[in-house]
Structures are given as C-alpha cells and as structure tokens.
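Chemist: Model the placement of chain L on the given structure of chain G, informed by the hints.
2 protein chains.
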Amino acid sequence: MNEPVRVGVVGLGTVGSGVVRLLVGSADHITRHAGRSIVVEKAVVRDLGKPRNLPLAEDRISADIRTISRDESITVAALLVGGLEPARSMAIDLLEHGKDVVTANKALIAEHGPELFDLARRLGRSIAFEAAAAGGIPIVAAIGQCLAANQIESIRGILNGTSNFILSKMEEEGADYAAVLRAAQEAGYAEADPAMDVDGTDAAHKLAILSHLAFGVWVPWADIPRTGIEQIDQGLMAYAAKLGYRIRLVATAARVDGRLAMRVSPALVKVGTPLAETRGAYNAVSIVGDAVGRLFFHGLGAGQMPTASAVVADIIDTVVGRAAITFQATGILDAESPAARIAGVEMPQRHFLRIPVLDRPGVMAEISGILGRHGVSIASLIQHESGTGGPVPLVIMTHHCPPSAVEKALAEIGRSAVVRGGCDCLPVLDDWRPAEPRQEA
Amino acid sequence: MNEPVRVGVVGLGTVGSGVVRLLVGSADHITRHAGRSIVVEKAVVRDLGKPRNLPLAEDRISADIRTISRDESITVAALLVGGLEPARSMAIDLLEHGKDVVTANKALIAEHGPELFDLARRLGRSIAFEAAAAGGIPIVAAIGQCLAANQIESIRGILNGTSNFILSKMEEEGADYAAVLRAAQEAGYAEADPAMDVDGTDAAHKLAILSHLAFGVWVPWADIPRTGIEQIDQGLMAYAAKLGYRIRLVATAARVDGRLAMRVSPALVKVGTPLAETRGAYNAVSIVGDAVGRLFFHGLGAGQMPTASAVVADIIDTVVGRAAITFQATGILDAESPAARIAGVEMPQRHFLRIPVLDRPGVMAEISGILGRHGVSIASLIQHESGTGGPVPLVIMTHHCPPSAVEKALAEIGRSAVVRGGCDCLPVLDDWRPAEPRQEA
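Line order of the protein sequences matches chains G and L.
Counting in my numbering, the first sequence runs from -3 upward without gaps.
Counting in my numbering, the second sequence runs from -3 upward without gaps.
Pulled out of the complex, with its shape left as it was, chain G reads as follows (with noise of 0.2 angstroms):
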C-alpha cells in the first residue's frame, strides 16, 4: 500500500464541514478510487472559536495558511473559502509552496483564473474545480475531458440553485418574490445577502468557466449581459403559463457566425421540456456537441455533501495525478487563450413582452406600430379589459428577432403616451430540440 495523502482543508464552513465529513466517513471506498488512503492532516478556519462537530481533532485547525502551507507532508489543498480575498492570496500561497489546489470558489476561477492557472503551470502544479460549476454534476468532466472530440455549439444551463429554488417555489405557492426570498434565507437555502445569486452574477461566474472550457477562449464575466430575477411576479409567471411556459433563470452561450453571444437572464422554457422540469435547488445543464448532438445533465447544483462530492473527486484526481495530466498536458486551460469579445453578438429569439398600455382605443395601433418600426412582429398577444380605465397588461409574443431589435423597440415604447410603467421583456427559450449530431455515412 502507497503511504497515505495528506490534504489540508481551508475553511470549515457547509462546503469544508461535507468534504472532512466525507474523506472521513467514506475513506474506505475513496482508498479503493484513489489507490491509497486520503487523510485530513489539518484544516484552517476564520475563526477559531465556532464550534464544530467534526471527525478532526481540534490541535489540527488553526487559523493560520501557513500551518498548511509551509507543512511538506501536504500535497494537496482543498480551497473552499468564497469570495475573491483571502481566496486569492490563499491560492497564490499555497501553489507557490509546492500545493495542488481544490476548489470550489466559482468566483475567485472567474476573476482571477488566468492569472492562477498560468501561476500553476509555471511552478508544476494543478487547479482543479469541477465544483466550481454546477455542483455535484460532473459538468467540468464531461466538457474537459469526455466531449474533447467534439466542436461546442451551445451551452444552456440553470446554473443558481438558490434562484431556481425560489422561482419553482413562487410557482408552486403562487407568492411574491420577496416573500419567497425570506422563507428560503429562514430555510438557509439563500444567503443572508442573496445579490450574486439572483441577479445573475453567480450564474455569469459558472458561465464564463464553462465556456473557458467548451469554446477555448476567456470570457471576462463581466462582459456577459445579465438580467437577475427580482423584477419575476405572479403576473409574469402567470402569463407565461398560459402560454404554455415557466420562467427558469437561463445562462446561455451558442456560437452563432463563428463569435460566442452569451447571456443570463430569466427565460421562458416550455412546460415538459428539461429546463423547465427542473425544480427547487437542482440545476441542469445542456451541451450540443457536433458529433455527440445534445447532452442533458441534471442534479443539485449546491448544498453541503453534492459539492464535498465534487470536491473529493477532484482531491482523487489530484492524488493519482489526472489532474496534473488535465493541467500540464493539454491547452484547454491555456492562460493564453485569446479573450472572448461577446458584446453585440446576438442569437435571434422569440421573446415575452409586457406592457402596461392605457386601456383606450388606437393603443394596439400605436405599439404594434413602434414594433414592426423596428422589425419586432407579433406572434401572439393577450390583452384583458380593465373594466376601469386604468392601465392593463399588454401580453405579447414576437417571433424571431434579434435581442437589440426589441430592446430598442421597447426604448420607444417606454416613451409612448399610452404605456403607464416599465415593460418586462424575457426571451422564450423553445428550440428544445434533438440536435442530430453532425457527420453521418
């Protein structure tokens, strides 16, 4: 038998607690996967005085790096503080003092992963982060590695569980967004500030990796346009439900002319389709490769012991050495790989418009005429009496156009005498498909 690995583990929150539970719990099985036997020889916490109930003796945490860092018997860290300082720093430290690195710091890959790739190539080591995406799906696995024969032609994904929990449970309960919102911080299922999650920064951090990964280039996250969930209520959700739909917060990258668009937003997905079957805190992801057509993942996004199984995973391909191999020996995490420039590359969709109109005559005129103006037509469209005068839902369906065309349509539309109030605009994802792969005989 090989001597055991060392790990050291760099923070002791839900994540930290799940992997040290499961190294523990299950070292049995993860001995016969990795080939030898994984041990947890210390851990670092912020503060030291929270108790833990932990299978790990307390002289073995400290609160300092370096107890993990300057110790040579640690070959590998598992990083699993959020944010993106101490995190980097932390990585930097760590690598440079001879550690492969784990982690699940989706923001800290997205910020700085350049930066800490290149760092690692240079000095020998690895970073691995399958939990850095999609949590317990093996999403980084499959795009990295099982779907390297394939050229990329769209990423689609429900990459937040938290907005996912709360947009499934707002339609299931028929509540408020913010009502929602408080039950799921009680519940512990939202943070207790939930902003990178709902407004579509936290799905942009895993967007930008994934497609790092599928399409070879760096996407600054930044760059990728996002629209979060808070303006989602009962109207919209129930207007899309007539219509045959449910509002899911979409991230999405298709390559359309040879560029990438990319974006993140709330969507209409059409009720049986697998993104809209997804429900609380699972996440799906969909893949279409030129030869192996559409792939379609499903499973917890987050939680305490879906992402430790992520992170054990990545700690055995660390320990046997595929992920020095991933790392060392192929481009796709070349530091150099050329920036993507996404702004302005639109992918043409339907989209759900909803307009508060004046409930008075020549009103349907005037909107449809600002939208044909800018070649937005009009699919479908639902439009109620209010009985009192006062302004009503104007519902509308276009057909394909481009996302600009409508947003500069409804920039004149807001300007209208007869619209009382912001419109809401989501794009209707429907073109759930089976994409045939490619090349046959």
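Take the hints with a grain of salt, since some may be wrong.
Intra- or inter-copy, both count: the list cannot distinguish identical chains.
[Unchecked claim] Calculated pairs, SDA-like style, for lysine to any residue (alpha carbon to alpha carbon, straight line, at most 25 angstroms): (1) Lys238 <-> Gly268; (2) Lys266 <-> Asp195; (3) Lys46 <-> Arg337; (4) Lys38 <-> Arg66; (5) Lys266 <-> Gly240; (6) Lys46 <-> Gln181; (7) Lys165 <-> Leu52; (8) Lys404 <-> Arg416; (9) Lys165 <-> Glu226.
It is worth saying that the hints were derived from the structure and are not from the lab.
Being a predicted model, the structure only gives us computed values, none of them experimental.
Modeler: Coordinates of chain L only, in the frame set by chain G:
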C-alpha cells in the same frame, strides 16, 4: 510540439468510419485537447474489397490485425469490431504487442472484462471503454471518476437505443411491434438480427459494465434476469397510458440490504418523468450516490458520431496518460473484484398485470384470492365487459411486493380454469423523486 501519436483502427464499420472521420475532420481541435496531434496510421478491415469513402489512403488499410499489432510506431488501437471473436483474440494480440486499447464493444467487456483487464494490468497497458455503455453519454467517466467519492445506491437507465426507438415509435404511431421493427430495420435503426437489442441482452451487458464501476463487484451479465420487448403490444400500451404511464425497456441495479438487485425488463414509467420522456434512439441514466444525491444523464446512446465522440475522448485520455492512471492506479477495474451473487435479491415494487380472463361471475374473486394468498394486494383495477362472453383483459396495478411473489401468483393464475392465454407482468417504476444526499450539517 510533441511527436504525433499514431493510432490503429480495427474495424471500419459505422463506428470505425466515424472515428476516422472525427480524428481527421476535427484534428486541430483534438490536438489542442491532447497536447499533440493524433493520426490514423493504419486500419484493419474484414473485407478489403468493400468500397469506402474515408479520408484514409488505401495503402493504409489491410485485412491483417498484425499490420497494427506488429507496428511499433502505433501505441493506441481502437478495437471497433462487434461480437466476441475475433474481437477477444485481437484485443489480446494488441495488448501483448504493447498497444493501449480503446473499445466500444460491450459484449466483449461484459463477457471477457476480467480476463482482459487482468492481462492489460500485468502488461502495463490500459483498456478504455466509455463508448461501451450509453454511447455518447459520458457515463463510464461519471461513475468511475466523477462519483468516486460516493457509495452508489442505484443505477437505472434506458441503455438500448434500438428498443427505445421501437417502443417510442409504437407509442407515437399506434403500430404493432413487428411492423415498427421492420420499418426500423429498413431505415437502418435496427440490425438485421435485432435479437440482442430487443431481448434485453445488450442492456444487460451495459448494466453489468456500469455495475462493475459503481459497486466494485463483477456481475456475470448472464445472471441478470431479463425480459425483452417482443411481447409488448398496443393493448398494454393503451392500458399503461390510461393509468398515466409509458412503457420503456429499463435496466436497474440497486443495493438492497447490502446486496445487489438487478433486472432488465420492460417497465411502466410515469408520464412526465425523465425516463418516460426519453424517446427514439436516446439513452438515459439516473444514478443515486450517497453524497451527490440523484444525477440524471440524457443523450444519444448509439449512432456513428455520438459513439465516435466517446471513442475519440478515450483515445485522447489514453494519449495524455489519464487512461493509464485510471487503469493502473485505482482499484476500480480490479480483475479480482468479487463476483456479485444477484440471484434471489429482489426490490419490492408495484406491478402492472394483464390477465386474459373469461367474462363470467366469480372471476374477480378467484384472481384476487390467488393474489392475496401470495401476499400480492391490488391497488387498482380495470375490467371491461366483453359483450361476447369471450376472454377479456383484466388489468391490475398491485401495491409494492417482491417480484417473486407476483411470479408465483401468476403461475397459479395461469393454471386457473377462468384464464385463457398468457399473462403479462411489468414492474412499475414510479419512485422517481429527488433523492436527497445523506449527511447535512
């Protein structure tokens, strides 16, 4: 740049041709993922005279496996012929002459896996077989690597594209089994001899392979109880639909009291659940792990390019050295893993029965009496009058009970004077629920 890696392709049928096309057509892309170029050095075919339209010079094609096995410049061989012989002898010849082997041949792995794995390990070579189960879905990597930290609780899947194509066509078109099979054969979706596809053998091969990876035991595929789809008719489909179900050929392996219950059979799956929505040549696999919870994968399970996608991913894995690590450093393909004894291990489930009975008083009392004596209780029931006095189908949905109890009851029912003809019995798989992971903080 590293030297190119020279690959030999054994078999230029549908999959072999796809592999050559992909290696040539996507060479730049593949080079980036492999860190070096991969070239098809030679191919071996059975029939040299057959015209081929491939990007491969004729003088590189021969009918003798030794042109590959004895060529020292070739380090990787893709073994893409079906059946057991000469595939087994070819695999041995290739391994003994220092080639790493990649194969899509599930019968070969299911039948001779332990022998071949053992030989490869002794010779310091690797065998990769992602394409042997579920075609383009990266399920071998998912179970063998990505879920390595999990104790797997169950695998359930649609693993045979041909039978799924036939069942979903029957459903959509209302045509009978024989007519759909004929049409599938004419369109090239089913083999001239479809026996292994429609009788459950092919799915059993794949289930045996996945179970080896998931549960660490070797399962003799022939021990897996299996029923094919030949007996499925429109009547069964109509009754299933009336109860809210569709019929699919489902392969299942699950831990029951520390042992494995395995089965391949047509089953009722609830409309709206992922397996019921798996149509045509698509495959689907659902896996439950103790840490990750339930993961679901969906993609094309057969066809030239999806299978080639998996084969080329394995070639890349072999070229960069990951396959060797998986094969040599981990215990997951241990030839000495214990053989699973699955006989007599049962998972209680609901059953759907169709019994042709005479339309006369007392029949219900007799049938329900027999079921009751065997501990099978009735959950719901459909019976129509015949009008003619002839036999009518009595359709019963049972509560959960062991399959063997239903079998014994049906044997007795078959001998009853009120029964005219054979009974049908399908398990009902309606326990699709979000499987939550084990430990939470």
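Chemist: Next step is simple, just say for each hint if it's right about the structure.
Modeler: Each hint tested on the structure:
1. Lys238 <-> Gly268: both (14 angstroms within a copy, 19 angstroms between copies)
2. Lys266 <-> Asp195: within (23 angstroms within a copy, 36 angstroms between copies)
3. Lys46 <-> Arg337: Neither. Shortest intra-copy (45 angstroms) and inter-copy (48 angstroms) distances fail the 25 angstroms Cα cut-off.
4. Lys38 <-> Arg66: within (11 angstroms within a copy, 52 angstroms between copies)
5. Lys266 <-> Gly240: both (6 angstroms within a copy, 21 angstroms between copies)
6. Lys46 <-> Gln181: within (21 angstroms within a copy, 67 angstroms between copies)
7. Lys165 <-> Leu52: neither (37 angstroms within a copy, 56 angstroms between copies)
8. Lys404 <-> Arg416: Intra 18 angstroms, inter 72 angstroms, cutoff 25 angstroms: intra-copy only.
9. Lys165 <-> Glu226: Within. Shortest intra-copy distance 14 angstroms satisfies the 25 angstroms Cα cut-off; inter-copy 43 angstroms does not.
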